[in-house]
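Undergrad: Sequence:
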Amino acid sequence: MDLKLKKAEECRYDAVSLGEIMLRLDPGEGRIRTARMFRAWEGGGEYNVIRGLRKCFGMRTAAITAFADNEVGKLMEDFIMQGGVDTALIKWVKTDGIGRLCRNGLNFTERGFGIRGAVGCSDRANTAISQMKPEDFDFEYIFGKLGVRWFHTGGIYAALSEQSCDTVIAAIKTAKKYGTIISYDLNYRPSMWSAIGGQAKAQEVNREIAKYVDVMIGNEEDFTACLGFKIEGNDANLKTLNIEGYKKMINEAAKTYPNFKVVATTLRTVKTATVNDWSALCWAEGEIYKAKDYNGLEIMDRVGGGDSFASGLIYGLMTTGDAEKAVNYGAAHGALAMTTPGDTTMADKSEVEAIMGGAGARVKR
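Under this note's numbering, think of the first position of the sequence shown as -12, with each following residue one higher.
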């Protein structure tokens, strides 16, 4: 499969993302409502993908985002630097000291256990990145002068505000103009779209974005809510999965948007918060490939599993051009990421490839 990637030597970056990066505050094994201590991390749907590409797979990446210029923003920058992601494309925005003009987003996340599902509580209104307009970023410079092989963004960023909708479309159009491959994770969040028009707005925006996307990623809810494609036969709690229904949906999406070169969806059967069945499907050039099944996967922290799937998929597509290998890189990386705390991966490429090859969990000495 030829995605017509730009040559590495012609580009500053292998991949960049556009989206919000929040300070994640984690009560560990406890609950948000009773916590007295929180562990701090960074995380965000779009950022997690390019951090995985850098930290696990060794690619040159950068994050396009914005922070309020204060101590919390500097903490976020420090986290990003620790992950090896270039901070040169971050826009710093003056604030008034109490967050009236702009602020940095917070995301409280508890992992869940057994019958108790994971819980997220975001505090992200009026953040610096949500206020950015297309003219606030020099996309011509980023994609035209610096050069980027792969651009990733998604529906979480698009849902932040009316300005975000405009900015993501401007970024995608500019990336397309300069021959950068574009991936997009639909990542539908009803609570985020509710303030700017709900599901109708989500479909309006995402259907426009879809016209420019090369690699479309999402789960069943994402494709249904954002693009209107439905699967028959799945129950509301995803206790059963209709694989043939997924395949039919993916084929319909690819037919509707002939610009799609790859369509990928994760497959998750939720047994408990800490035990899921996990796999993925990938469509490319008229064929659908299914990843290895990870049945009975024991999960420490499911947040970011889909993002790590996306980074593994992208790495596989960029380096092998083989959709079947790519979907297996994605599923293995996503599975490993959910065995550790935090949004972002703690795996390396050798571990991912070992899991793809059937390695077990014996002690390594």
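Worth flagging that the hints you see were computed from the coordinates, not collected in a lab. Hints may be right or wrong, so weigh each one.
Simulated restraints on C-beta separations [claimed, not checked]: (1) Ile19 to Gly166: 42 to 48 Å; (2) Thr74 to Pro177: 30 to 36 Å; (3) Gly101 to Asp153: 42 to 48 Å.
Below 27 Å or equal to it, Euclidean Cα-Cα: the simulated DSS-like pairs (lysine-lysine) are [as the list claims (entries may be wrong)]: (4) Lys198 to Lys81; (5) Lys132 to Lys163; (6) Lys188 to Lys132; (7) Lys132 to Lys160; (8) Lys(-7) to Lys242; (9) Lys(-6) to Lys132; (10) Lys(-6) to Lys235; (11) Lys242 to Lys132.
Just so you know, even glycine gets a beta-carbon here, dropped at the ideal spot from N, CA and C.
Undergrad: If a hint holds in the structure, say so; if it does not, say that too.
TA: Right, here's what the structure says about each hint:
no.	hint	in the structure
1	Ile19 to Gly166: 42 to 48 Å	holds, 45 Å
2	Thr74 to Pro177: 30 to 36 Å	holds, 32 Å
3	Gly101 to Asp153: 42 to 48 Å	holds, 43 Å
4	Lys198 to Lys81	violated, 35 Å
5	Lys132 to Lys163	holds, 14 Å
6	Lys188 to Lys132	violated, 33 Å
7	Lys132 to Lys160	holds, 16 Å
8	Lys(-7) to Lys242	holds, 26 Å
9	Lys(-6) to Lys132	holds, 14 Å
10	Lys(-6) to Lys235	violated, 35 Å
11	Lys242 to Lys132	violated, 34 Å
When held up to the earlier numbered hints, the structure conflicts with 4, 6, 10 and 11 and fits the remainder.
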